[in-house]
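Chemist: Sequence:
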Amino acid sequence: MEFNNIIIDDSSSGSIHTGTAIDIGTTTVQAQLIDLDTGKIIDTFSALNEQRIFGTDVISRISAAQSGKLNDLFSVINKQTENILIYFLKKQNIPIIEKCAVSGNTTMLHFFCRADPAPMGTAPYTPAFLEERYFSGDELSLSADQIITLPGISAFVGADITAGLAFINIMNKGHDALFVDIGTNGEMALWKENEKHLLCCSTAAGPCFEEIEFSCGLSAVDFINAVALMREESIIDETGALSEEFLQTGFPVRRFSAAASLNERAADIHTEKNIITQKDIRRFQLAKSAVYSGIKSLCQAASVKPENLGSAFIAGGLGFLLNLKSAAVTGLLPAEIIDKANVCGNTSLLGAAKSLTDLSFLPLCREIVSCSSTIELAHNKYFAAAFTHNMWFK
Numbered sequence: 001m002e003f004n005n006i007i008i009d010d011s012s013s014g015s016i017h018t019g020t021a022i023d024i025g026t027t028t029v030q031a032q033l034i035d036l037d038t039g040k041i042i043d044t045f046s047a048l049n050e051q052r053i054f055g056t057d058v059i060s061r062i063s064a065a066q067s068g069k070l071n072d073l074f075s076v077i078n079k080q081t082e083n084i085l086i087y088f089l090k091k092q093n094i095p096i097i098e099k100c101a102v103s104g105n106t107t108m109l110h111f112f113c114r115a116d117p118a119p120m121g122t123a124p125y126t127p128a129f130l131e132e133r134y135f136s137g138d139e140l141s142l143s144a145d146q147i148i149t150l151p152g153i154s155a156f157v158g159a160d161i162t163a164g165l166a167f168i169n170i171m172n173k174g175h176d177a178l179f180v181d182i183g184t185n186g187e188m189a190l191w192k193e194n195e196k197h198l199l200c201c202s203t204a205a206g207p208c209f210e211e212i213e214f215s216c217g218l219s220a221v222d223f224i225n226a227v228a229l230m231r232e233e234s235i236i237d238e239t240g241a242l243s244e245e246f247l248q249t250g251f252p253v254r255r256f257s258a259a260a261s262l263n264e265r266a267a268d269i270h271t272e273k274n275i276i277t278q279k280d281i282r283r284f285q286l287a288k289s290a291v292y293s294g295i296k297s298l299c300q301a302a303s304v305k306p307e308n309l310g311s312a313f314i315a316g317g318l319g320f321l322l323n324l325k326s327a328a329v330t331g332l333l334p335a336e337i338i339d340k341a342n343v344c345g346n347t348s349l350l351g352a353a354k355s356l357t358d359l360s361f362l363p364l365c366r367e368i369v370s371c372s373s374t375i376e377l378a379h380n381k382y383f384a385a386a387f388t389h390n391m392w393f394k
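Residue numbers (the numbering used here): 1 to 394.
Distance condition first, Cα-Cα at most 20 angstroms in a straight line; then the derived SDA-like pairs of lysine to any residue:
{"id": "1", "residue 1": "K99", "residue 2": "S136"}
{"id": "2", "residue 1": "K192", "residue 2": "C371"}
{"id": "3", "residue 1": "K192", "residue 2": "E367"}
Calculated directly from the structure, the hints in this document are not laboratory data.
Construct the complete structure from the given sequences, taking the supplied hints into account.
Modeler: Structure below.
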C-alpha cells in the first residue's frame, strides 16, 4: 500500500470549496487545507502544541485542568486552531472554510471542546465523551462553518487511532494486522480476523518520537539511525552503556562518516556538532521499550505471534522517514514484523482529511469503535516484565 503519493494542489483556490483537517497531538498540531471537490491538499501547517506550557504529556495537562486551568487549556488550543484557520484563509485568499474535521487523542479533544478531562486522571479513567461532536464555528469562535471532532475508542486510545485505523481500512485486510502510532503515546491496535475484533492499548513514550530534536540536535529518525550504528559498532553495549572512551564526553556522530555497515541508513547524519550522551541513550531506551513492550503485550493478550501477523502499519510522529531496519536493531519494533511493515505517516491527519470528502468514512470510524476493546497496561504483569527486559539492546 502506498501512503506517500499525496498530491498538493498548487492551483488558485479562490473559487473552490475548502475544508480543514486538524490533528491535535500532545506535542505537535498539524493541519491540511483540503479541496472538498477533489480531495486534494491545497496547503499544510505544522507547529508545536502551544499547550506544552502546561506540561509535555497528557497526565500533566489533566493535572493542570484539575488545578483550575481547564479554561486556559481550552483558550490556548482554541486560539491556536483559529490562527491556523486564519493562516489558510489569508494565504490562499479564500472567503470561507466550510468544514473542519478535528482528530487527536482523547485528552486533546476534551480540551478542544472545553470538556473536563479530570476523571481520566485516575482509575477507572472515564472520559466525558468518546463519540463525535458537532459544532458551528460560532459556538467555538472559529472561522469555519461546521466543525466535527472524530470519535475515540477509550480514554487513552483516541480519535487519532480511530482515524488511522479507518484510513488504512484495517478491518478489510483479510488477515491479522497490527497498527502502531508512535508519538507522545505509543497507541496500538491489533485486528483479529477470525474474531472480527480490534484489541487496543496505549503506553507512554513521552515526546521522544515527536517532531522535535533530541538534546544532541538530531531529529528522532536520525537519532534512531545513529543508535543503530552505535550498537552495531559496539559503541554502546547491550545495557545501553556507552563505551568507556565516550562515557564522559559523549559520542560525536561525525565519526560515522567512514562507517560501512549501516552508513547508508545514516546518510543524513552528516553534521559535525552532534554529540550523543549517555542521558540521550537512557531517554531513548525508556521510550523504545515502552513501544516494543506494548506491541508484545498486545500480541500476547490477543494470542497472536508477531511473526504470524499478515501486515503491520507504523504511523505517527516519525512520519514517512523511519528506517525499519534501524527500528529493529534498536529494539523499537520487533524484528519479526519488519518485512511486513508499512510506514504510513500521520494517519490521524490523513483520516481527518478523508472524513471531509468521503461520506463512508465516519460510519467506518463508528464501526471500528463498536468492535474494539482496550487492555490496560498499567497493572499488566506481562508488560511490566517485558518493559524491564526490553530496556536492553539485543
